[in-house]
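Number of protein chains: 2
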Amino acid sequence: MTQQRFLLHEHELPTHWYNIIADMTNPPPPYLHPATLQPLSPEDLAPIFPAELIRQEGSSERWIEIPDEVRHLLQMWRPTPLCRALRWEKALDTPARIYYKWEGASPPGSHKPNTAVAQCYYARKEGLRGFATETGAGQWGSALCFAAQFFGLECRVFMVTSSYHQKPYRRVAMETWGGSVVPSPSSMTQAGRAILARDPETSGSLGMAISEAIEYAVTHEGFKYSLGSVVNFVLLHQTVIGLEAQKQLEMAGDYPDIVIACAGGGSNAAGLMFPFLKEKLNGSRPNLRALFVESTACPSMTRGLYAYDWGDTAKTGPVAKMRTVGHGFVPAPVHAGGLRYHGMAPSICTLLEQGFAEARAYQQNGCFDVAVGFARAEGLIVAPETAHALRAAYDEALACRESGESKVILLNASGHGHFDLAAYDSYLQGALPDHDLEEDQIRRALLELPTVAG
Amino acid sequence: MTQQRFLLHEHELPTHWYNIIADMTNPPPPYLHPATLQPLSPEDLAPIFPAELIRQEGSSERWIEIPDEVRHLLQMWRPTPLCRALRWEKALDTPARIYYKWEGASPPGSHKPNTAVAQCYYARKEGLRGFATETGAGQWGSALCFAAQFFGLECRVFMVTSSYHQKPYRRVAMETWGGSVVPSPSSMTQAGRAILARDPETSGSLGMAISEAIEYAVTHEGFKYSLGSVVNFVLLHQTVIGLEAQKQLEMAGDYPDIVIACAGGGSNAAGLMFPFLKEKLNGSRPNLRALFVESTACPSMTRGLYAYDWGDTAKTGPVAKMRTVGHGFVPAPVHAGGLRYHGMAPSICTLLEQGFAEARAYQQNGCFDVAVGFARAEGLIVAPETAHALRAAYDEALACRESGESKVILLNASGHGHFDLAAYDSYLQGALPDHDLEEDQIRRALLELPTVAG
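Same order as they appear, the protein sequences are chains A and B. Just so you know, the first sequence maps onto residues 1 to 454 in our numbering. Just so you know, the second sequence maps onto residues 1001 to 1454 in our numbering.
Hints may contain errors.
[Said to hold, decoys possible] Which chain B residues face chain A? A few, computed with CB under 7 Å, are given here:
| no. | residue |
| --- | --- |
| 1 | Gln1004 |
| 2 | Leu1007 |
| 3 | Gln1075 |
| 4 | Gln1149 |
| 5 | Gly1152 |
| 6 | Val1172 |
| 7 | Gly1379 |
| 8 | Tyr1424 |
These are computed hints drawn from the structure, not numbers from a lab. For glycine and all other residues, C-beta sits at the position ideal for the given N, C-alpha and C.
Full structure from sequences and hints, please.
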């Protein structure tokens, strides 16, 4: 019978992270200072991030060594399995060969601990006491609380209010791992209090939670700020996913025609795709397609403007050039999954602008349709975020059925949905609304972009 | 660095189940008919179970071949990892070497699908339309719904009322996999209606839910009944756990001094331990200790009577000789986990009676204490049931610290706790009560045992 799971040994975990910046002819333009809008220096970032992470952020080395202690912790669950979706292929009656990388195998249930462990390692090395961070759907916060305990670090999580109430189990998981969680905006920071004063009933946003976490970090002795996506060093840490998948597909004797992942800030997508995109950038795989999938409820890649924007609502973090729907953007609370950041990783946006990658947006009900079919075929209940990647893979597989092509589709199954079953419940009861962003809402948000020369 | 995970390839999944009955000098006495109390014939079981499972129930063959199609489905997640608990050992400052078999890696999150897949395979082969079953904490119901879909079988689940309300996510998971779930006792069966008439506010019990499921099965064309624990064929199907663990410990160069698992009906415990107990039964490992761990809220092994008793409340299922707190027993609704069956697998009770195994009971708060420590050391949030096994392993590891012995402890981490976070929340808030069974409650329950000659 055809093999379903491709497993690697502990010692086959990659020894180095892959830095795509080294292979980009035109890398993303520099970050700007949030107040002066002038290019940001590493010193400007020093109060916010650990020094080694700032160094990695600006690095153009192609390979960066993974410290032994980080590798040993990653080996708790890595290498993760690569699975052939045999039963799903059969259910879809497609000649496509579909593979998924199962990142839901990590203890916190997603790809997020790949970078959380590394960030906590560098924080500890620097002698920090703890991290403050934001979380939307809760995958990132869970991962950081999980990782922080291995290094004796405290973890303070600002969780977007709507998710805090929709996903109580996520909060309990974070607390079980020793973290402290508050709904954001909170009264714990000036940024939070200012937002609540303007809009006491706000459902919150990642932009607001980032502002609070940065403020908490810079005003508390021994704390720095930890970010779960968007910036280069996070995407770098995620490349173990794609590097493993390359070895595993080699075991399977296949190579992808198309790689697919969902993207909120872009980290799981970059993690899977960047090692493959290396081969497109260097010309050896010119026909490889890289498809980033987002939600119509927060369509930064498909409807945003490619422009400099602040990374957070209170304008305290770096300004980055990216596709954005505006730093003041608040996603509709009916949106069940993550994928709710107003911008997108600058490196991914550069690749999109340069035509090395493509983007697509989906409504959530169409994603749950496919996720339920996937659960019944492959047994796994995935996170709503991951359901967006499944939806795109489904459409590609059906296109193969039409055309008769046996394409190889590789997707990142970035996380399980065990803490998202309230959303599945709504979906199964027909009570989950779709949501499109109104043109006006985007136009209003974009009016607030900074004016940057050039 | 010391290896943490011991992985086997797909093709190393065992080809045969191990049947401990073949190695018992005095196997368990026969089942009795629920009405006549005379020895039960295979024909008596025919309306309830698929024929091949009845054959396996009575078999004394040592090895029973696993059908190819069942193996292929098990390979979706099996072989499961064997993990060395390096960080937990360090946290406990123990010289013991602790290994855990991680059954939470299955899609439904526990060991239960090991038998669910096999049962559905035989049901389909027999041309059945569906299964009715009971579930307590929900792990079994999830596993059967998950497995049923692969064979196009319908699945009707009677879920103990207290769990149905405490664990809504379990219900949603079952529905996502296409199952139908009702709280039990329900008005859907005569047995359920009779119980509700006597006690409309009952929190339910496994004994009641079994009665309802059997009744539903025998009164619906094309349905039979599926049981998730207790009987020989279920325990048989679980032995893949221990057979894999034997190979994996060999890779690690170790052999257990003590094997530990929690036991409600006994299936995960038997699955891990029977292949090791084979070597105690045949005299080659006389010093091996096998420790079955239960809850003080339902202490069949440590406080029950070894006697014939009905397997269900309505007295419609087989009568078995086992340690029992009485078929009318209702566990306190404050009890968070599974481990709530009034009896115990007859084969395990026989081993306990003959001195080949030992049993111990714990209060739930002491189990959660250890489970939270384990989550912070090993990253995994386990089910409350599994927490009982962890508690026993913890006590053994601390005894090693006292004595300075480097014992090898092997435990079954039977399931994850992702759907049990409400219980963790109560525990973390100090709001989870402990519960001891009162002597009177046991005495009353035991008055209702059948009078059987001999």
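Consistency of the hints with the structure:
1. Gln1004: 6 Å, holds
2. Leu1007: 6 Å, holds
3. Gln1075: 6 Å, holds
4. Gln1149: 5 Å, holds
5. Gly1152: 11 Å, violated
6. Val1172: Hint on B/Val1172: holds, closest Cβ of chain A at ~4 Å, below 7 Å.
7. Gly1379: 4 Å, holds
8. Tyr1424: Interface hint status for B/Tyr1424: holds (5 Å vs cutoff 7 Å).
Hint compliance for this structure: hint 5 is the single one not met.
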